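Asks: Oh and the sequence shown: position 69 is 69 in full-length UniProt numbering, straight run, nothing missing.
Honestly, the hints are just simulated from the structure, not real lab data. Everything numeric in this text was worked out from a predicted model, so none of it was measured. Among the clues, some could well be false.
[Unchecked claim] Distance condition first, Cα-Cα at most 25 Å in a straight line; then the derived BS3-like pairs of lysine-lysine:
#	residue 1	residue 2
1	K74	K61
2	K84	K95
3	K95	K9
4	K109	K95
5	K84	K123
6	K177	K61
7	K109	K61
8	K81	K186
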Amino acid sequence: MAGIKQDTKSAITLRGSADIISEFLDYGVNSILFQRGIYPSDTFSAEQKYGLTILKSADDKVQSFLQNVLDQTKEWIASKKIQKITMVICNADTKDVLECWDFKLQLEKGSEQENEAEIVGHKDLRVIQSEIRDVIRQITGCVTFLPLLDCPCSFDLQVYTDTTCDVPEGWEESAPKLIDNCQELKMRSFSTSVHTVETAVCYKLNL
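Kindly produce the complete structure, drawing on both the sequences and the hints.
Replies: Structural data, given as structure tokens:
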């Protein structure tokens, strides 16, 4: 008797893709905050996600800030109005930009011209999570290549959107943060079947 091959692919809507990406950004940014020592290690707690142990900030102000930004980011992703999110790490005293972590979003072929209700991709969620796991592992591992941040640092998130987007209350427009004499380290991308997300870090060579 012939066996039946089960189709394990899931239907991924535009909003479902936005949910997946927003969750990745949350864990990715928290992982960077821990790995780069932006806050003391004892202010983080461990969570299991993507088959990994990921450290997340337990600071209420940090989590409130991230939730506010990522909730709005999720809506813009679902509206096809966002191109990139950049996590900027600065010297807290001099405001000198030390690192820029770029998360670039691109709609996959066939999704650009469709209406939101018509955009549906198909991909096994386990495959998506495996791809995200590889990116998180690279974020964790690249700390060995990056210069030591031996000064007090702060961070911010810049969201690059279409010009049609209104600036939410409490937000402000700002120019892109640039690093002189920078080096770029690209990491693996992952695909939701609706979006492709590429991750890279630009860092200052001589701190």
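Asks: Compare the structure with each hint and give your call.
Replies: Hint-by-hint comparison with the structure:
Restraint check for K74 and K61: satisfied, since their Cα atoms lie roughly 20 Å apart, inside the 25 Å limit. Distance hint between K84 and K95 is fulfilled; the C-alpha atoms sit about 22 Å from each other, no more than 25 Å. Restraint check: the Cα-Cα separation between K95 and K9 comes to about 46 Å, which exceeds 25 Å; the hinted pair is violated. The suggested pairing of K109 with K95 is violated, with an alpha-carbon distance near 40 Å, which exceeds 25 Å.
Our distance criterion of 25 Å between C-alpha atoms is met by K84 and K123, whose separation comes to about 23 Å. With a C-alpha separation of about 23 Å, the suggested pairing of K177 with K61 holds against the 25 Å cut-off. The straight-line distance between the Cα atoms of K109 and K61 is roughly 39 Å, outside the 25 Å bound, and the hint therefore fails. Our distance criterion of 25 Å between C-alpha atoms is met by K81 and K186, whose separation comes to about 24 Å.
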